[in-house]
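Novice: Hey, can you work out the whole structure from these sequences and the hints?
What follows is the residue order along each chain.
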Amino acid sequence: GNSVTQMEGPVTLSEEAFLTINCTYTATGYPSLFWYVQYPGEGLQLLLKATKADDKGSNKGFEATYRKETTSFHLEKGSVQVSDSAVYFCALSDQAGGYQKVTFGIGTKLQVIP
Amino acid sequence: EPEVTQTPSHQVTQMGQEVILRCVPISNHLYFYWYRQILGQKVEFLVSFYNNEISEKSEIFDDQFSVERPDGSNFTLKIRSTKLEDSAMYFCASSATDRDTDTQYFGPGTRLTVL
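So the protein sequences, as listed, match chains A and B. Here this note's numbering is used: the first residue of the first sequence is 70, the next is one more, and so on. Here this note's numbering is used: the first residue of the second sequence is 100, the next is one more, and so on.
Treat the hints loosely; a few may be bogus.
Claimed, not checked - Cross-link-like lysine-lysine pairs, in silico, DSS-like; alpha carbons within 25 Å at most:
#: 1; chain 1: A; residue 1: 146; chain 2: A; residue 2: 125
#: 2; chain 1: B; residue 1: 141; chain 2: A; residue 2: 178
#: 3; chain 1: A; residue 1: 137; chain 2: A; residue 2: 125
#: 4; chain 1: A; residue 1: 137; chain 2: B; residue 2: 141
#: 5; chain 1: A; residue 1: 146; chain 2: B; residue 2: 141
#: 6; chain 1: B; residue 1: 141; chain 2: B; residue 2: 156
#: 7; chain 1: A; residue 1: 178; chain 2: A; residue 2: 125
#: 8; chain 1: B; residue 1: 182; chain 2: B; residue 2: 141
#: 9; chain 1: A; residue 1: 178; chain 2: A; residue 2: 146
Note that these hints are calculated values from the structure, not bench results.
Specialist: In structure tokens form, the structure reads like this:
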């Protein structure tokens, strides 16, 4: 079956630090890959996505590249802000069973301190 | 920007009671989903729904669960007789298509607490 593995955290960084959250996946088919973010008290919001190998998804200064050879989709940001404090979920979507289903990682809590 | 909405934001119920969680998907979307997240655990797929039928369900989605689209806008999840282990955050999602390249848009969630 499909699975997503990401670092659990929490990750604590100072403002303007570089962020990497690792994500690797296992899939039976050729999935699309996503990062969702959950700010305190809010729902899951799409942050970025990539649908094929070597695609780079980007949004709000965050980037992730679909690496099929290493089955990875690591999230990076060059300079984090306090407002980036949230839980980040790596996820994949495929239609292996005929219908789309999203498989999530455990989520990584990021805390950015001033 | 269109968004998925869910009500209530927090539901507290006694074990054995029935609960209905409500969702309003994005208006032009045709595919609907429920997920849940038990505290400290992964977000897990429960069920997908299309054309007034369940299209796929997980092993979690047993006979105690049901889904319905009672009108043109709402999508509901019913738990007939709640158990303590049903306590979780429940997320509704919708998508325009069922292609894996398409994004599922999630609501803010309903926190269900079973006492």
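Novice: Hints first: check each against the structure and report whether it holds.
Specialist: Verification of the hints:
Our distance criterion of 25 Å between C-alpha atoms is met by residue 146 of chain A and residue 125 of chain A, whose separation comes to about 13 Å. For the proposed pair residue 141 of chain B and residue 178 of chain A, the alpha carbon gap of about 13 Å is at most 25 Å, so the pair holds. With a C-alpha separation of about 12 Å, the suggested pair residue 137 of chain A and residue 125 of chain A falls inside the 25 Å cut-off, and the hint holds. Simply put, residue 137 of chain A and residue 141 of chain B have alpha-carbon atoms about 23 Å apart, close enough for the 25 Å limit, and the pair holds.
Simply put, residue 146 of chain A and residue 141 of chain B have alpha-carbon atoms about 24 Å apart, close enough for the 25 Å limit, and the pair holds. Restraint check for residue 141 of chain B and residue 156 of chain B: the C-alpha separation of about 17 Å stays at or below 25 Å, so the hint holds. Distance hint between residue 178 of chain A and residue 125 of chain A is fulfilled; the C-alpha atoms sit about 23 Å from each other, no more than 25 Å. With a C-alpha separation of about 19 Å, the suggested pairing of residue 182 of chain B with residue 141 of chain B holds against the 25 Å cut-off.
Between residue 178 of chain A and residue 146 of chain A the alpha-carbon distance is near 15 Å, which keeps this suggested pair within the 25 Å criterion.
Going through the hint list in order, the structure satisfies each hint without exception.
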